[in-house]
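Asks: As given, the protein sequences belong to chains A and B, one line each in that order.
Using full-length UniProt numbering, read the first sequence as starting at 1 and increasing by one per residue.
Using full-length UniProt numbering, read the second sequence as starting at 1 and increasing by one per residue.
In case anyone wonders, no lab produced these hints; they're calculated from the structure.
Heads up, some of the hints might be wrong.
[Said to hold, decoys possible] Selected chain B positions facing chain A (in silico; Cβ < 8 Å):
1) ALA131
2) GLN157
3) PRO166
Don't be surprised by glycine CBs; every beta carbon is placed ideally from N, CA and C.
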Amino acid sequence: MKKYTYTEKKDTRSGFGAGLHEAGKRNENVVALCADLVGSLKMDAFIKDFPERFIQVGIAEANMMGIAAGLTIGGKIPFTGTFANFSTGRVYDQIRQSIAYSGKNVKICASHAGLTLGEDGATHQILEDIGMMKMLPGMVVINPCDYNQTKAATLAILEHEGPVYLRFGRPTVPVFTPEDQKFEIGKAWMVNEGTDVTIVATGHMVWRAIEAGEKLAEMGIDAEIINIHTIKPLDEEAILKSVKKTGCIVTCEEHNKLGGLGESVAHLLTTTYLAPQEFVAVNDSFGESGTPDQLMTKYKLDPSDIVAAVQKAISRKTK
Amino acid sequence: MKHTISELENIASQVRRDVLRMVHAVQSGHPGGSLGCADFFTALYFEILNHKPEFNMDGIGEDLFFLSNGHISPVWYSVLARSGYFEVSELATFRKINSRLQGHPTTHEGLPGIRIASGSLGQGTSVAIGAALAKKLNHDKSLVYVLTGDGELQEGQNWEAFMFAPHHEVDNLILTVDYNGQQIDGPTEKILSLKSLQNKFEAFGWQVISCDGNNMEEVLKAMHYAKSLTGKGKPIVNLMSTQMGYGVDFMQGSNKWHGAAPNDEQLANALTQLKETLGDY
Chain A
1 MKKYTYTEKK DTRSGFGAGL HEAGKRNENV VALCADLVGS LKMDAFIKDF
51 PERFIQVGIA EANMMGIAAG LTIGGKIPFT GTFANFSTGR VYDQIRQSIA
101 YSGKNVKICA SHAGLTLGED GATHQILEDI GMMKMLPGMV VINPCDYNQT
151 KAATLAILEH EGPVYLRFGR PTVPVFTPED QKFEIGKAWM VNEGTDVTIV
201 ATGHMVWRAI EAGEKLAEMG IDAEIINIHT IKPLDEEAIL KSVKKTGCIV
251 TCEEHNKLGG LGESVAHLLT TTYLAPQEFV AVNDSFGESG TPDQLMTKYK
301 LDPSDIVAAV QKAISRKTK
Chain B
1 MKHTISELEN IASQVRRDVL RMVHAVQSGH PGGSLGCADF FTALYFEILN
51 HKPEFNMDGI GEDLFFLSNG HISPVWYSVL ARSGYFEVSE LATFRKINSR
101 LQGHPTTHEG LPGIRIASGS LGQGTSVAIG AALAKKLNHD KSLVYVLTGD
151 GELQEGQNWE AFMFAPHHEV DNLILTVDYN GQQIDGPTEK ILSLKSLQNK
201 FEAFGWQVIS CDGNNMEEVL KAMHYAKSLT GKGKPIVNLM STQMGYGVDF
251 MQGSNKWHGA APNDEQLANA LTQLKETLGD Y
């Protein structure tokens, strides 16, 4: 097992804030919009340096999505910022008609996704957003795993023409990907090569998959770990190549098992190459209040849950 | 004036014929609001807008128009074709398979003149505000126009947009409300009353004007006046009274024709009431 270490923990939303600031420097067409959550989205640096390119919309997310769509007409590249729940479910029809169907170059940037939002509870902990967004034709869906990758992803989507959903979170998590990484939309990142099982993970679950991989190595199981930061378009080639080698797969995500990364992988496997798959994901339920760690444990998203899923997947391989 | 009032009235008559024939051909679509707004669309595209029919999505240096109540697509398609965005013969493909003239307007099939999809109501004003802000950022002095229905104002997103525009001094925006008092299920007054739109808009900080939308001279006067009010710190709204189905006696003023197509006999009757001025497609 390749050794991964980290010297600090940072929140992925701060990676977005840093990326947005840099995007603003690189391209004068970048415009940021926020629905009364500037501090939560870490937009302060952008606002300080580019006040004329920042639009405070107030608590009116539907209007924000429409304004963002309109800004693209005239060549602007709008980045909207609010919580993942208010970036998707609350404004699904606005995104569907005014952004996705209209083919507008809007970057929907969504913080506080998943359970790790913590104490605010289920009203704010969206676990269905990946599903909603990936169902929209033409929408790119990205869920990076740490500060550096989120910053790199924010800059990568600036260069992509078309609507993007960028999902990140609130808690601090280990920073373990390189600062100078090249982020390629739709290209999986090989975390660790192995032979016994494929683990694909997205977002906050990538570090947990690495922790699980270390435990599995102690047990004599050689896990291949792949970071799927782009759920759509999915890197089918990387996943298939790995599964053909290992013969089974475990998918890990801080999302409902319905509609998420696991479901996209299942679709790929059933239509191309059958192999046992286990899901480490929220089991079709809402979240609740608690600390992020308590919630990840209660909803079975811990490294130990990944280990158990790996054992089950391996046991289901055709002998 | 590029055209005389009577020339514009003649164009509007042809547009109404187009609307009826398009809707009749596929026995679906929305003739009521389309007929009511034929004078407005004609005035806009033949007199008011500084626009470029060769069409560029970004519309730099030209006025932009957005239709929020997308179901009145027939009148928009007719006026776009008649003002040179595409061949009038293409009107015959309205609502048919593989057409660029979808039931509701869309950018998806690449029809020149359309900059956003609409149909799901209440979204157009937000989009127009975004386009108006882009113009300001681009130091582009041209204007942004948007049309909404009145029943459509029951959608909450409108009021988010109406609150936003005065706060941010979006004064390069002219909103027109097709104030016909009708919606699918009946008169707006009965379904969900709008009460005083004038008071509501004024309280939100808009510059409010009004006109009779089925009187070409009044429409032109109101829209020229609206233009003169731009750049003064406030968005402008024109409460434009129209009659649904205007121009055809048995359709006029009734919500029955919101989304119903005329049969052969009704079409023949209607067409006798509307002069063919530019040649049917």
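Asks: Give a verdict on every hint.
Replies: Structure-based check of all given hints:
no. : hint   : verdict
1   : ALA131 : 4 Å, holds
2   : GLN157 : 4 Å, holds
3   : PRO166 : 12 Å, violated
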